[in-house]
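Colleague: What follows is each chain in one-letter form.
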Amino acid sequence: MNKKILIRVLIAAAVIISAAVVMSLSKPPIEDLTARISPELIENARTSYSETTNNYLVFNIARGRNVRTAETDTYIGFMGNIFQINDGFANSMANILFWLPALLNGTWVTVSLTIVSVSAGLLYSIFIALGRISKFKPLSVICGAYIFFFRGTPLLMQLFFVYYGLPMINPALTINDKFLAAFIAFSLNVGAYASEIIRAAIQSIDKGQFEASHALGLKYGQAMRLIIIPQSIRRLIPPVANEFIMVLKDASLVSIIALSDLTHTTRSISSSSSSVLVFIPAMIIYLIITALFTFVFNKAEKKFSVYH
Amino acid sequence: MELIRTEKVCKKFNQLTVLNDIDLTVNEREVVCIIGPSGAGKSTFLRALNQLEIISSGKIFIDGELFLHRENNATVSRVNQTEYKRLLLEMGMVFQSFNLFPHKTALENIMLSPIHVKKIKKDEAEELSRRLLADVGLTDKADEYPSRLSGGQQQRVAIARALAMQPKFMLFDEPTSSLDPELVGEVLIVMKKLAESGMTMLVVTHEMGFAREVANRVVFMCDGVIAEEAPPNEIFSNPSNPRTKQFLNSVL
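Chains as they are written, first to last, in numbering that gives the first Met the number 0: chain S, 0 to 307; chain H, 0 to 251.
Please note that the accuracy of each hint is not assured.
Stated by the list, open to error - Here are the simulated lysine-lysine pairs, DSS-like style, with alpha carbons at most 27 Å apart:
{"#": "1", "chain 1": "S", "residue 1": "Lys206", "chain 2": "H", "residue 2": "Lys117"}
{"#": "2", "chain 1": "S", "residue 1": "Lys206", "chain 2": "H", "residue 2": "Lys84"}
{"#": "3", "chain 1": "H", "residue 1": "Lys103", "chain 2": "S", "residue 2": "Lys206"}
{"#": "4", "chain 1": "S", "residue 1": "Lys206", "chain 2": "H", "residue 2": "Lys118"}
{"#": "5", "chain 1": "H", "residue 1": "Lys84", "chain 2": "S", "residue 2": "Lys218"}
{"#": "6", "chain 1": "S", "residue 1": "Lys302", "chain 2": "H", "residue 2": "Lys121"}
{"#": "7", "chain 1": "S", "residue 1": "Lys136", "chain 2": "H", "residue 2": "Lys11"}
{"#": "8", "chain 1": "H", "residue 1": "Lys121", "chain 2": "S", "residue 2": "Lys218"}
{"#": "9", "chain 1": "H", "residue 1": "Lys11", "chain 2": "S", "residue 2": "Lys134"}
{"#": "10", "chain 1": "H", "residue 1": "Lys58", "chain 2": "S", "residue 2": "Lys134"}
{"#": "11", "chain 1": "H", "residue 1": "Lys118", "chain 2": "S", "residue 2": "Lys218"}
{"#": "12", "chain 1": "S", "residue 1": "Lys136", "chain 2": "H", "residue 2": "Lys84"}
{"#": "13", "chain 1": "H", "residue 1": "Lys103", "chain 2": "S", "residue 2": "Lys301"}
Worth flagging that the hints you see were computed from the coordinates, not collected in a lab.
Extracted from the complex, chain S is given alone in its bound form (with noise of 0.2 Å):
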């Protein structure tokens, strides 16, 4: 039952993802777009085409002598078909569709960077929990401060201060690869919000199974491995999936170091298109990829509490 959920969720993600790689990858010569427009539109064209992009051109045909009093009919040519472009909602639909590919790109950047700074950070705070509760002073004050530094001070500047602020102390650090830096950032971040969660699992535990551990003879570090943390992983769910969608939403900031993400990307279309309908379909990309997230999340809490 599970394993055929798991096998649905994953045949849709390959089916989107192979789609995305097509729609950005296929980048058809211009020549065959023209190709399929008629040639007395192309005389009749004052502008033969006025914008390229990755993906597509714009063919801004003007009927009627004079260019300014004209009236222009707009083509697009995509993938190798063209269409004509009227305004209203028909124009609005295919101006969302010419922008997918773009936004598709910001989007996998978004969410590459939310899933491996989570993955990292959730193994670094694995370590800096287990260090926080440790009775070895020294240890559990460094952590300590590590939470502390970093939930006490904004991810934005965590952020500009690994891109641009380690290069001035010491030009060695410099980091050139921003999705790089926008990682190292976020996932040190992470580490220090999902220890606590870990500790706060850890310690729910009741303490009579580390009593019982005791009893039976296991090492502290078998105690934890194969008694405490399995147990407070299901407790961990919630809020590690909590985590993953703040991170998602958190990703935004990297617009500082002008990384393309789905915030950043929607942005500039937005800007360069003079128009606030790019945001819908971002938007609605960011609430697929949280459903997304949310129910890959449900099924792992289900599958961890067979024995309750």
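Since chain S is already given, all that's left is putting chain H on it; use the hints.
Modeller: Same frame as chain S, now just chain H:
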């Protein structure tokens, strides 16, 4: 031969003295029951034996060896690490709240520490565990999670789990106190069978019937001291300490 001996064991929490100069000896194949009002320090004493509580001062001898010697909240001497581990494993502990591992089935609960602590092969551990489950009368519950078992069944699994480490003696910390009255019997039957098989047992209990029937010796604890120590027929029929008399009158 004596398995457990304590000398002047004290436990203080700040100003509060929970255990005050406890001297107790438990010999091999002996069943000793500790009774007394709540807050008397019975559980603390049991937990001090297997280091769930660290005593403030006194000596604990396990199996003839000086296990731990502390004075003024500081350790004077302790057996070396390997002996410490070995001696700890000689004590099996059964808790009031069972403390089964909820994410493991009954069988996995029992197999876990033989596999991970004693490093026994998995199939041997499983065979041992199934035999122990049969001993406590739960053959058909091997693959159930603890949440699907009744309190009495959980406690029987917990006893089997402690026995899987083949301890030399067993510590029972009020094993029936959190059970519904109709489930107490099944646990007591298992404990009685265990006593008859020759297991050395130190039992903190409120089940006077069990103490009277099974114990070789009953210890009455009150306000952190051992007020009276005698064979069951003596202590139940003719207690010498007025405090014991008062307690027994209120519970019997």
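Colleague: Each hint: holds or not?
Modeller: Consistency of the hints with the structure:
Between Lys206 of chain S and Lys117 of chain H, the direct Cα distance comes to roughly 24 Å. Compliance with the 27 Å bound is thereby established for this hinted pair. For the hint pairing Lys206 of chain S with Lys84 of chain H, the CA-to-CA distance comes to about 21 Å; that is within 27 Å, so the pair holds. Of the pairs offered as hints, the one joining Lys103 of chain H and Lys206 of chain S holds, with about 17 Å between alpha carbons and a cut-off of 27 Å not exceeded. Taken as a hint, the Lys206 of chain S and Lys118 of chain H pair is honoured in the structure, with Cα atoms around 25 Å apart against an allowance of 27 Å.
Restraint check: the Cα-Cα separation between Lys84 of chain H and Lys218 of chain S comes to about 10 Å, which is no more than 27 Å; the hinted pair holds. For the hint linking Lys302 of chain S to Lys121 of chain H, the alpha-carbon distance of about 26 Å falls within 27 Å, and the restraint holds. Proposed proximity of Lys136 of chain S and Lys11 of chain H is supported: the alpha carbons are some 24 Å apart, at most 27 Å. About 19 Å separates the Cα atoms of Lys121 of chain H and Lys218 of chain S, which keeps this hinted pair within 27 Å; it holds.
Taken as a hint, the Lys11 of chain H and Lys134 of chain S pair is honoured in the structure, with Cα atoms around 21 Å apart against an allowance of 27 Å. Annotation: proposed proximity of Lys58 of chain H to Lys134 of chain S holds, straight-line Cα distance about 26 Å (limit 27 Å). Among the hinted pairs, Lys118 of chain H with Lys218 of chain S is consistent with the structure: their alpha-carbon atoms are about 13 Å apart, no more than 27 Å. For the hint pairing Lys136 of chain S with Lys84 of chain H, the CA-to-CA distance comes to about 25 Å; that is within 27 Å, so the pair holds.
With a C-alpha separation of about 17 Å, the suggested pairing of Lys103 of chain H with Lys301 of chain S holds against the 27 Å cut-off.
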